[in-house]
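Residue strings, one per chain:
2 protein chains.
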Amino acid sequence: MEESTLKATASAPAKIILCGEHAVVFYEPAIVMAIDKQAYVTVEARSDQAIYIKSRNLGVSGRYERGRFKLGVGGGAAKSKLDPIRIAVEKTLELAEKKMGLNVLVDSDIPVAAGLGSSAAVAVATIAATGKLLETSLSKEKICSIAYEAEKTVHEQPSGIDNYISTYGGITIFRRGEKFTPLEARANVILVIGNTKVSRSTGLLVRHVSELKEAYPKVINPIIKAIGRISVSAANALQDGELKRLGELMNVNHGLLYALGVSSEELDQLVYAARRAGALGAKLTGAGGGGCMIALVTPDKLEKVRRAIRRAGGIAMLAKKNDRGVQVWEEK
Amino acid sequence: MEESTLKATASAPAKIILCGEHAVVFYEPAIVMAIDKQAYVTVEARSDQAIYIKSRNLGVSGRYERGRFKLGVGGGAAKSKLDPIRIAVEKTLELAEKKMGLNVLVDSDIPVAAGLGSSAAVAVATIAATGKLLETSLSKEKICSIAYEAEKTVHEQPSGIDNYISTYGGITIFRRGEKFTPLEARANVILVIGNTKVSRSTGLLVRHVSELKEAYPKVINPIIKAIGRISVSAANALQDGELKRLGELMNVNHGLLYALGVSSEELDQLVYAARRAGALGAKLTGAGGGGCMIALVTPDKLEKVRRAIRRAGGIAMLAKKNDRGVQVWEEK
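Sequences listed follow chains A and B, in order.
Residue 376 in the numbering used here sits at position 327 of the first sequence, with consecutive numbering throughout.
Residue 293 in the numbering used here sits at position 244 of the second sequence, with consecutive numbering throughout.
If you are wondering where the hints come from, they were derived from the structure by calculation, not from laboratory data.
A hint or two may mislead.
Which copy is meant is left open, so a pair is good if it fits within one copy or across any two.
Derived DSSO-like pairs: lysine-lysine, alpha-carbon spacing no greater than 30 Å straight-line [said to hold, decoys possible]:
1. LYS246 to LYS353
2. LYS128 to LYS293
3. LYS370 to LYS267
4. LYS293 to LYS274
5. LYS262 to LYS350
6. LYS262 to LYS274
7. LYS370 to LYS189
8. LYS267 to LYS369
9. LYS274 to LYS140
10. LYS148 to LYS56
11. LYS370 to LYS228
Keep in mind it's a predicted model, so treat the numbers as computed, not measured.
Build out the structure end to end from the sequences listed, making use of the hints.
Take a look at the structure:
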């Protein structure tokens, strides 16, 4: 990083889908929760007009200057990884009607490409930090909508839930095409996230479910409907602080995702391991086919479940609810 | 066995549930198929009034004389294992209005207590062989109804499908409280049955599903409905000879049973192993929680799937459709 006097930093949380994934494509509700894994972005002014971005966790860096990209480290994929961050920066500069060079340093404890909304968290934190540095007062609403623009460059037709939950935190019930509704959860949701380390393609999995639905509509439609009803029941369980019910509903939800063909042997190994170790419930989270599962635990079972997931071959990570969403502060 | 001149032997097939188990309790259809694993029962006249029964595969024997049981081999459980066979014999004697002593030798290649209808097959073969020996012409209908009486002494509220399919063979679509409908299957159904060797209680598993349904009716009702629709679609696939569709439906069915909480880690290991080895579809069969799974295979994948199930810790057994049902012949 080059020398500078003023710096602003922002943090924004990752998310997990508690229930309802895949069914959400067909306008059923899903429940999404911000977790205490965060992306951190520090922005500082440069003396020139370049935008220099370094992502510590992705191990890439590069400089954008007069419309051209100059690779720092990270090889051929660096540009496509850094582009969404550049877009977040540029959109914020545009809004503030300012032109200036910036150094952007990204760090994150969110696993990438694991369905945890890493790209949205980075976008939200980038926008908030840039806004702060520019002394432009950005409302959460504004941050959220700029982040959505950046998300469009990463995901095909993003639902908007990732940038929303990274901005506002908390738990949200979400139905495609409708306004997001924050959920007042009396329950203290403690999760162990188990990462199978198996990569998957969200697009392929979504297509698989669509094809299955087309081939067997009479069978698959009630399954989709049942998943939507799980989200509604889970929302009630969260509001009433009934964790046992929430766990049972998560187990049923996992079975239905299994029925839709989006679980995998690795996911089920972690799910069974977590249940055996005393989790209240366990399910895959996100697109499935690999990626992550979540186990709902009570504090006394936390360590046991974490160890069980590790022993079954997963990377285990504790996650609690994040209620604050994006945070921003000046450095120095 | 004591000396005798006349002997009659009968064979009757085991069954597997192709799809619809558990949902059938709630009046949804299920599909049941007779398989080429059979119970064999040989009956011969005795010079006294005793009924002597020896079950080779259960490893028990004993003699009933003037209302009292005298243990041969097999310890304390022998009587309860032999009682249903005695009842089948006595009910047949009653119908023929005859009184005589009999030796009954049972042999079977059906695994017991694995949800394959072993007790019904033994009852059907016992009745048919006894009828033949007594030179009483017993229609299949009659054999089936006497076997149902015997089944009542083994299972709490038997559905009647086990004795029906053991008597008639073939594939039947079955809905509780309705007449059984034989299915003309153009498909050549070849299965590998994988036995987890884990024992389970059908009663407990049925109760578990009932409780889940009571706790979450809005979620569980559409799942039950979806299982019923799988049976209807599977019946069409069988009639049209579309094995690929049948396999896909079996996979979805297994996921829904998993969602109802009646799968187990051991079952899923065999299910995944079979699918990886190229099975068209795989699911648990029967009550679940242990017991058996079935994999639908094409002839070229048969050996591979069989080996995969064995390597995953199961006992693998080939099963084809039995179309003949009960068969009876005189010996010697």
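Evaluated hints:
no.	hint	verdict
1	LYS246 to LYS353	both (21 Å within a copy, 28 Å between copies)
2	LYS128 to LYS293	neither (46 Å within a copy, 44 Å between copies)
3	LYS370 to LYS267	between (37 Å within a copy, 28 Å between copies)
4	LYS293 to LYS274	both (22 Å within a copy, 26 Å between copies)
5	LYS262 to LYS350	between (38 Å within a copy, 27 Å between copies)
6	LYS262 to LYS274	both (12 Å within a copy, 16 Å between copies)
7	LYS370 to LYS189	within (19 Å within a copy, 65 Å between copies)
8	LYS267 to LYS369	between (38 Å within a copy, 29 Å between copies)
9	LYS274 to LYS140	neither (39 Å within a copy, 50 Å between copies)
10	LYS148 to LYS56	within (17 Å within a copy, 103 Å between copies)
11	LYS370 to LYS228	within (21 Å within a copy, 54 Å between copies)
In summary, the structure is inconsistent with hints 2, 9 from the numbered list given earlier, while agreeing with the others.
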